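Number of protein chains: 2
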Amino acid sequence: MSQDCIFCKIVKGEIPSQKIYENKDFFAFLDIKPINKGHALIVPKVHCENILDFPKAEETDFIETIKVVAKALVKATGADGFNVGMNNGEAAGQVVLHAHMHIIPRFKGDGLHTWPHKEFSKEEMDELHRKVLNELIKE
Amino acid sequence: MSQDCIFCKIVKGEIPSQKIYENKDFFAFLDIKPINKGHALIVPKVHCENILDFPKAEETDFIETIKVVAKALVKATGADGFNVGMNNGEAAGQVVLHAHMHIIPRFKGDGLHTWPHKEFSKEEMDELHRKVLNELIKE
Chain H
170 MSQDCIFCKI VKGEIPSQKI YENKDFFAFL DIKPINKGHA LIVPKVHCEN ILDFPKAEET
230 DFIETIKVVA KALVKATGAD GFNVGMNNGE AAGQVVLHAH MHIIPRFKGD GLHTWPHKEF
290 SKEEMDELHR KVLNELIKE
Chain E
170 MSQDCIFCKI VKGEIPSQKI YENKDFFAFL DIKPINKGHA LIVPKVHCEN ILDFPKAEET
230 DFIETIKVVA KALVKATGAD GFNVGMNNGE AAGQVVLHAH MHIIPRFKGD GLHTWPHKEF
290 SKEEMDELHR KVLNELIKE
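Residue numbers (the numbering used here), protein chains in the order written: chain H, 170 to 308; chain E, 170 to 308.
Extracted from the complex, chain H is given alone in its bound form:
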């Protein structure tokens, strides 16, 4: 547990939450600032900061937990679909630095729109492509 991490405290029950599910390694609760009805978070019980330091041994169970929780949220809310997403780093909108998966039920015509596309020239895309390939070759 990280000393001042509010999600570690929620997992331990030191801060109350609307808990919806728990298994060996994961804990799920309703987001207190929901983007849509049924917006929930799934967190690993062991503190890690983001997806890059997520424990490999828990990864299958993480996705299996997402499936269980997402199905229940869809049924409970009558949703037509759902988004799952993790913000990694403050620049990506991560507020609590304890890895968490957002599950956001979606409804036809709910007014939420994906971010607009940006335009890049063919040259910019080709240069970027080369740079990414270079990084992956180093792996």
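Treat the hints as calculated values from the structure; they're not laboratory data. Owing to the predicted nature of the structure, the values given are computational and were not obtained by experimental measurement. Be careful, since some hints might not be right.
Which copy is meant is left open, so a pair is good if it fits within one copy or across any two.
Straight-line C-alpha distance at most 25 Å; calculated DSS-like pairs for lysine-lysine [claimed, not checked]:
#1 287 / 202
#2 236 / 225
#3 214 / 307
#4 225 / 202
#5 225 / 240
#6 277 / 202
#7 225 / 193
#8 300 / 277
#9 244 / 178
#10 225 / 178
#11 178 / 193
#12 291 / 188
#13 225 / 287
#14 300 / 236
#15 214 / 225
#16 307 / 236
#17 225 / 244
#18 193 / 236
#19 307 / 188
#20 214 / 240
#21 236 / 214
#22 188 / 214
#23 277 / 193
#24 287 / 300
#25 178 / 307
#26 225 / 307
#27 225 / 277
Once you've looked at the hints, dock chain E against the given chain H.
Same frame as chain H, but now just chain E:
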């Protein structure tokens, strides 16, 4: 392979893409309609529609692949963070019905904002909480 699925065709090389990475079960390429510089997609090679029918045997490798690709995208673009997300169902913004993980590099002050929060009363939240718990008890 699903006959008319464009991501199946991209995986097979029948439709060109700016491929950045490939391993046994996954294929990654730059999104042709990027939300931000370096926006890429990771798709399972075997056709499945969304996270709910994602093959369990590939889940650990899926997250490991996300880690590899995300690190490379961050280095190549100089990003300060990144979002990962899957849209499940057309109501959630899923356009191609072949499961895919978006990896979106983020930059301080890039002007992308998370969706606004909605207000629900305590009674609404409590009722929702009960409904979700009811669904999870049925599991």
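Output the numbers, in ascending order, of every earlier hint that fails for this structure. Hints 4, 9, 13, 23, 25, 27 are the ones this structure does not satisfy, whereas the remaining hints hold.
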